[in-house]
Amino acid sequence: MIVSKKDIPNFLDKLISEYQVFAPVKEETYTLFKQICSGADAALDAGNTKLPAKEIFFPQSEKLFSYNVSEEGARLEAPVDDQKKVIFGVRPCDAKSLTLLDNVFNNDKYQDPYYLTRRNNTIMIGIGCNSPASTCFCTSVNGGPFDTKGLDLLLVDTGDAYVVEVVSDKGREIAEKAGFAAAADANKDAAAKVKQDAVVTCQVNIDGLKAKLDVNFYDSIWEKIHEKCLGCGACTYLCPTCHCFDIVDEATDCNGCRVRNWDSCAFPLFTLHGSGHNPRTSNKERYRNRIMHKFKYFVDNFNEIACVGCGRCIKNCPVNMDIRVVLEDIRGSEARLDS
Amino acid sequence: MKNPYLPLPMKLVKNFTETEDKLIHTFTLQYLNEEDEKSFSYMPGQFAELCVFGKGEAPFGIASSPTEPGFLKFSVAKVGVVSTALHLMEEGTIVGVRGPLGNYYPVEEFKGKNVVIIGGGFAFTTLRSLATYMLHPERRGDYGDITVIYGARNPGLLLYKEELAAWEQSPDINLVTTIDRPVDGWNGRVGFIPAVTEEVAPSAENAYAIICGPPVMIKFTMPVLEKLGFTPKTTIMSLENRMKCGIGMCGRCNVGGKYVCKDGPVFTRAQLNQLPNEY
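Chains A and B are the protein sequences, given in the same order. Quick note: the first sequence uses the UniProt record's numbering, first residue 1, plus one each step. Quick note: the second sequence uses the UniProt record's numbering, first residue 1, plus one each step.
Quick caveat, the hints were computed from the structure, so don't treat them as lab data. Here the structure is a predicted model, which means the values were calculated and not measured. Worth double-checking, as some hints may not be accurate.
[As the list claims (entries may be wrong)] Listing some non-contacts, in silico: residues in chain B with all C-beta distances to chain A over 12 Å:
| hint | residue |
| --- | --- |
| 1 | 11 |
| 2 | 51 |
| 3 | 78 |
| 4 | 92 |
| 5 | 165 |
| 6 | 190 |
| 7 | 279 |
[Unchecked claim] Okay, derived cross-link-like pairs now, EDC-like style, lysine to aspartate or glutamate, Cα gap no bigger than 16 Å in a straight line:
| hint | chain 1 | residue 1 | chain 2 | residue 2 |
| --- | --- | --- | --- | --- |
| 8 | B | 2 | A | 71 |
| 9 | B | 2 | A | 219 |
| 10 | B | 11 | A | 72 |
| 11 | A | 193 | A | 176 |
| 12 | B | 55 | A | 250 |
| 13 | B | 2 | A | 246 |
| 14 | A | 63 | A | 219 |
| 15 | A | 284 | A | 197 |
| 16 | B | 55 | A | 72 |
| 17 | B | 55 | A | 108 |
| 18 | B | 11 | A | 81 |
Don't be surprised by glycine CBs; every beta carbon is placed ideally from N, CA and C.
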């Protein structure tokens, strides 16, 4: 199927009458995912958004429930957002990150109703990346600029129009309802050419990285690798696969609510015990945990690397830590197995 | 979809000062509704998030046993915001309990075996639950000898003194209590847990050892247990880490790829040997 770019605002306006529609919106020098009221607000030609689409499903700050406590008991109210949503213009790396987070919020024992209800009620329409950025490395972590994982529809930008690839039944339904025209062979060829030309130039060799991480927990490489890191946690707040959170009460004794806020493994308080003991005392342990979590623990638990190669952590690090270099350094280091 | 973040309202019916330094209180909580008790079905070794509305919640091991219907018991040291609020709380106040969370001591595997329980300091809460569970008249026959070795710095810091006195008299359990330094009026053993365990020398034959206590106690008792013949598979520990969600999502209590909240807190030593020592 195919849809002309000039028809996109109209398509979005129709969706807005039925769904909450989120799309990249221009903010000063960058774009962010926001709920749009008009299809014309979507800014689709500005590369990837500054923040991933994660926060639509897992907000930076979210009320879990409100409560009112009296002598007789407690009245709890836990409204779960079940509004139907469409995310339009999400990039393949960010779409894939949500399939990774699904493992966390729907684990072997517990389901998170807030995240999962939003996930189940959302249609994901992605746009492939014709010109991947210099910081992109999705193809090194089992992704790609036109990957369809986590998407219902994928749009391929062929200049004046998007060639529409149907990925799921949900996607087919929405495409058919929108009445997209069938793509001619010439359009299909153009899409194929765009895909071929979109090269992610940066390659990180992670062959053998997992095997190295399996045995190098006590290795001296960790002493060096974290040294530049300030522990500011910016990477964790920008990362589409980071999911750590804190839970706090905001209340005046009997009336209040319990809120969860994004937290970061980069902070010392994150693991500090009440006794004063801290299992991850210094930046070394904390940085090691971040790498281990994404490239070993997550692989052990869910058979997937918890990094989609979006490059946000590289672009935004105040001291130019580059995870690609870190991974290469670890891979190339001599591992020893002892304690 | 069951919402795992919602606490059950319960009434604090007893706020008891457990130790002479007053730093540990034992809280007895009662269900407000009968159905709540049915929905809160737990086993020894599990924990729960105890919440003080307005202050927040914190995880504590459940000190009562499922064989004691009608209430839950927690022994809590005063260290932070939530525990301090609990200590100051008047009886009759409504609190929240979220759980039960985590796995439990493998009581099915213990059947037909001798069980050695070793505890130090105030890390005796879920061990009390375990001992009480196995001592229940309907279950006592399932297990062989039950030995409890329990130590504290001085007699006033031992938890559950009335129960210890009753266990002292019971033919169903072999209780050994010890304190670190001699005190007037104490006729029991004096010495640290590792040394006392070596003296008592419980047989590892057909037996499990469950050990809970401060890290230094664990460190020096492990070699003793090894010498006695307890293997990594028959040595069981319960870990603590800072937690928030208790359901394997918030990311902070991991030891390697395992979450203490969801995959633990009970681990065999064999399991812990596979993990980094980051706890």
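For each hint, the structure was consulted:
no.: 1; hint: 11; in the structure: violated (8 Å)
no.: 2; hint: 51; in the structure: violated (8 Å)
no.: 3; hint: 78; in the structure: violated (9 Å)
no.: 4; hint: 92; in the structure: violated (7 Å)
no.: 5; hint: 165; in the structure: holds (29 Å)
no.: 6; hint: 190; in the structure: holds (26 Å)
no.: 7; hint: 279; in the structure: violated (5 Å)
no.: 8; hint: B:2 <-> A:71; in the structure: violated (26 Å)
no.: 9; hint: B:2 <-> A:219; in the structure: violated (43 Å)
no.: 10; hint: B:11 <-> A:72; in the structure: holds (9 Å)
no.: 11; hint: A:193 <-> A:176; in the structure: violated (25 Å)
no.: 12; hint: B:55 <-> A:250; in the structure: holds (8 Å)
no.: 13; hint: B:2 <-> A:246; in the structure: violated (20 Å)
no.: 14; hint: A:63 <-> A:219; in the structure: violated (41 Å)
no.: 15; hint: A:284 <-> A:197; in the structure: violated (41 Å)
no.: 16; hint: B:55 <-> A:72; in the structure: violated (19 Å)
no.: 17; hint: B:55 <-> A:108; in the structure: violated (30 Å)
no.: 18; hint: B:11 <-> A:81; in the structure: violated (31 Å)
In terms of the numbered hints stated before, the structure departs from hints 1, 2, 3, 4, 7, 8, 9, 11, 13, 14, 15, 16, 17, 18, listed from lowest to highest.
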